[in-house]
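A.B. asks: Just so you know, the protein sequences line up as chains Z and L, in that order. Convert by adding 640 to the 1-based position in the first sequence; the result is the number in our numbering. Convert by adding 270 to the 1-based position in the second sequence; the result is the number in our numbering.
Derived by calculation from the structure, the hints in this document are not laboratory data. Note that the Cβ used here is the ideal one computed from N, Cα and C, for glycine as well. Some clues are possibly wrong.
Unchecked claim - BS3-like, lysine-lysine: derived pairs with alpha carbons at most 27 Å apart:
1. L/K725 with Z/K755
2. Z/K747 with L/K562
3. Z/K755 with L/K562
4. Z/K755 with L/K801
What the hints assert, rightly or not - Sample of chain Z residues lacking proximity to chain L, with all beta carbon distances greater than 10 Å (derived):
5. T662
6. R668
7. G691
8. T721
9. R757
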Amino acid sequence: MSTPEPHEFGTPGSPGSTSQTTGAAAFREVQDSAEFAELRSRFRRFAFPLGAAFLIWYFAYVLLSTYAVDFMTTRVIGNITIGVILGLLQFVTTFGITWLYIRHANKNLDPIAAKVRDDLEGRI
Amino acid sequence: MVAPLLQIAPLLQSPLEVKLGNPWANIAIFAVFVVVTLTIVIRVSQGGRKKASDFYTGGAQFDGRQNGLAIAGDYLSAASFLGIVGAIALSGYDGLLYSIGFLVAWLVALLLVAEPLRNTGKYTMADVLSFRMRQRPVRMAAATSTLAVSFFYLLAQMAGAGALVSLLLGVKSSLMQDLVIVIVGALMIAYVLIGGMKGTTWVQMIKAILLVLGAGIMTLWVLAKVGFNLSSLFGNANTAAQEAKAGTDLMRPMGKYGSNKLGFISLSIALVLGTAGLPHVLMRFYTVPTAKEARRSVSWAIGLIGAFYLFTFVLGYGAAWLVGAPTINTLPGKANAAAPALAYWLPGQGIGGTIFLAVIAGVAFATILAVVAGLAITASASFAHDIYNAVMKDGKADPAQEVKIARMTVIVIGILAIVGGIAAKSQNIAFLVSLAFAVAASANLPSILYSLYWKRFNTQGSVWSIYGGLISAIGLIIFSPAVSGAPTAMFPNANFDWFPLDNPALVSVPVGFLLGWLGTVLSKETPDLDKAAEMEVRSMTGAGAEGAIAH
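With the rest of the complex left out, here is chain L (with noise of 0.2 Å):
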């Protein structure tokens, strides 16, 4: 048994409960990483944070492959790592729906976005929805909607770094978890504000290369165990869990999602229609200077984020085997110890094991901090270049002037995700997540393919088309078991839950796309043509692309 060789705390922890590894070592692991990459991000912003495109696209100076590292060091999150590997480990073949529906999703931005949005917009997702309809109205909602989208996902981040650190350090204590907040927020603050855009890709980039290669790492090491057969490693940890529960199945699929079905299609709708949606990801392909690069981005994209993927599948089985469901239950974090906990059990516990998990740990902390970096920039400027510019000032505003108000404004999101980090740290940070994954599909997409591929779409139907995707998304989510009702619910002793399904997709998609429809045909407005053509033109080739980063 492993019992006798995990490390009881004494103190702040009941007498159940078990620590992984030394905090100390994972605390130091992390302070070097943070040394690492804020010395980076000074260095490389040397001299150029002062220019619009400088602190939104970093000049657009980044190359396909290094955009690509940068998109998958985005979009992995901590939810992803943590979480994936939990569900499979806990419940087998359902944490594989996750990973498939989060991969697939990248080939709607390749066939249909990347390119078309790279040669259009400039550094927002509002450029694109109001390049050919009024401004001020669509920009007003397509900013309101890519804050609200950006606000979850960072809420989802910072309640993450919570769990996390009292998963890592084995810190139950509230006070913890808040400092631990405060300095995921202020480190997020400093990374924008320092390095801007340029910055924040060097910081994406290298967590990319650590977490992929870490989890490569594991998944090796799990691989070798098992003589390279994935049958022995399903039958290992199908055992392991047998033992633990008999009649206990995990290459059979509904383990988790069994009870609400349409629940879990609905789920599947938002993964794979919102990352296609998702700001901070739109923003990234502003970042390389053409379409052609803008492919390549999305093509290393997909090769990392599948590839990280696959190494989910094995970690998850891993763990159910190496680790056992009735020990990740006892970990602080439960579901979410399992990949964490996988690392310590690899190299047999003791000190290789202190050592390889405080690596994982302070990898999986370096992905929470690119993320929320991301969202920051992303959220400060849609905020200053489409509201303050944009509706505020009529789009005269002075562009160093614009700059500044971006920069004020990711100390101000700043202390909001701090603030409501704290608030939201007991909450489900999968439930956040799709929640903001539910708001991209369903606000966002509709009116990204309306204004790339329909001639008519109009003021009134991009407008009605966000929304009426954004309300019908939150509205649903209030009314649903995930806020009211459920025992695992926001609110567990309320119930205003006559909505079924914990993610609102299924419904708030096709609402989204039918307003788009119908605001368009029932508006008297006569469609620019000319804004128009210039429209299909250059998003289909290009011209003045160039023009526009170098304004």
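Pulled out of the complex, with its shape left as it was, chain Z reads as follows (with noise of 0.2 Å):
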């Protein structure tokens, strides 16, 4: 294990700034600085409720299609019921997941990872 190394021009807990810590010094440095913990909760704060969301929905739809049999057989319109309807909402929903995910990962994650990521070049 590498000893830390002095780091003269910048702070700990700001790896925005030239800091000369190197090697698991400097993994330690930018996982208590404010920009990487700013990542770790824009990812957290989106896809874990997300990922909630998603879970209890499918799970509603199971238990529905097990337990709420009539309701799930309800026609609406022609042939097509309840059930077919939430299931196709499923495929739905899931396309649209993805679609919200990597639109947010483009745009709130992937800069900040990218400058964390180079400010770390050379001295891992």
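Take each chain as given, in its own frame, and dock them per the hints.
C.D. replies: Given below as structure tokens:
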């Protein structure tokens, strides 16, 4: 394990500065930085609630199909039932969540991640 | 009636059984596929299969779109195509539940697993799980569950190959089925040894295009017959089903699973949480250079896989309407024959039907080949990289030697798959696949999520979680109605089926999560904070990941 280098130019917690720490210390420094905290929270605040939401929606659909059989067999338009509509909506939400996440990651995550990565370049 | 148009095979079959199309046409198309793919595999892999990164990940040179196609090719197995269409054709709505579980599962991979995995690991699932843990115990556990999942999945595909041949070639002879399993195994070894991950990826890409295209054409054809009116399709399918058996409603849920509702919920858990823990799926994320490409891969895969499962829905009701349950039940392979039978019926049987069926049959064979090749490469990488190098050689093995071991492992796995496939050929394919998903969801996913998102998680937690999930999943399966007690069981005459569900995930997934937590809090291990920092920063940003590839 490398000992932390003294960093004259940067202060811990600001990898945006030209910090000279290397190796493990550099990772520790980045992990503690405000920038990385922002990246992590932007990711988690988006991915975790959305993950919970789609799992709840999926299991609600499974449970309705299992225990609310008559309700799911209700014909709405011609022979199309509530079960089929909810089932097709599962496809729609899956595509929708994929699109939302990609947009979020491209716009809000990638720029910070790239900055942190560039900053670490040559130090690890 | 359709009966006079069917060819009644005079030999090898009981008089009631019918044969679809022309076996020689099916064999010819299959042979063309094998020759074309082998040629491509040889061409793309020239010069580059000696280095570990070439063999395991194709040098991480694929882009997101290519990898997305390959993921779809790896994931859409014969069980998806034949099994789901058949389930919908015979029991209606319940088949849709399968399709949705298989698709929604990709959101777990997209949101939580694909990108951090790409950023942290190099070749195998164990790279990520052992990153900040003690290497040997965690790698050993991860490799054990990787090998278990891959082996069950491989058995399912091999058994599927045997079943498919009896269906498409109209052969009931056990010897012919064995021969086909041997051929599939030998081709699998050839693809992987000649092409490594690069060749395998190309086979999967070609197969994905053929399968989605083939299913898409059939779907449009069915829809055109009802003027693109989904309601009429359901109506026609239901009328046909009610003619065969009064009171049937193909739109009503639980036609298939009604007698075992908890078992069905358990299956749903395995499907939605298993995908992101399947080692051969995880390994595909290493074939792209960056996390952004891994993300693109998953979005392409979700698009293709979603489209395909929407097609299966139309195809299933189409088969119920155009072929009809009574006819499907007289075909060899029964429910599994619904999709090929639909291909034969759509152009009005005769010559057109024979040709279209042969094409679809060729695609179904291709499906099996692409999936088994992906499984073989994953299992061999895990053995050589995790067990041979990290556990036996303490991580100091010569990379060239490691690849040599991986290549030898492919041959061993091929032989095991052939022997196992022959032994398992009468087993229920869907059961073997759901077993693989249940083990992946119980043994792999908990420790993947904990290692990526829980700082305190440590070696003991990881080991308990993996072995606990693995043992509880396999143990409960052994005591389930899938193995004994039921008429469809592996041992119908024995009775040790005290666990009532035929899928263990409802119990074994919580066991995996619980043991991961318990093992962690009961351990006195001091966490390696440096490694933890490195892992978290790498997983979120990709810093240092390129270095790992160029290694």
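A.B. asks: If a hint holds in the structure, say so; if it doesn't, say that too.
C.D. replies: How the hints compare with the structure:
Between L/K725 and Z/K755, the direct Cα distance comes to roughly 24 Å. Compliance with the 27 Å bound is thereby established for this hinted pair. Proximity of Z/K747 to L/K562 is assessed by CA-CA distance (about 12 Å); at most 27 Å being required, the pair is judged to hold. For the given pair, Z/K755 sits about 15 Å from L/K562 by alpha-carbon distance, which is consistent with the 27 Å threshold. Of the pairs offered as hints, the one joining Z/K755 and L/K801 holds, with about 21 Å between alpha carbons and a cut-off of 27 Å not exceeded.
Consistency note on Z/T662: stated as away from chain L, and its beta-carbon is indeed over 10 Å from all of that chain's, at 12 Å minimum. Its closest Cβ contact with chain L, about 5 Å, brings Z/R668 to no more than 10 Å, contrary to its assignment away from the interface. Some Cβ of chain L comes within 10 Å of the Cβ of Z/G691; the nearest lies about 5 Å off, and the non-interface call is violated. Under the 10 Å C-beta cut-off, the non-interface status given to Z/T721 relative to chain L is violated; the minimum distance is some 5 Å.
Against the 10 Å criterion, Z/R757 falls within the reach of chain L, whose nearest CB is about 4 Å from its own CB.
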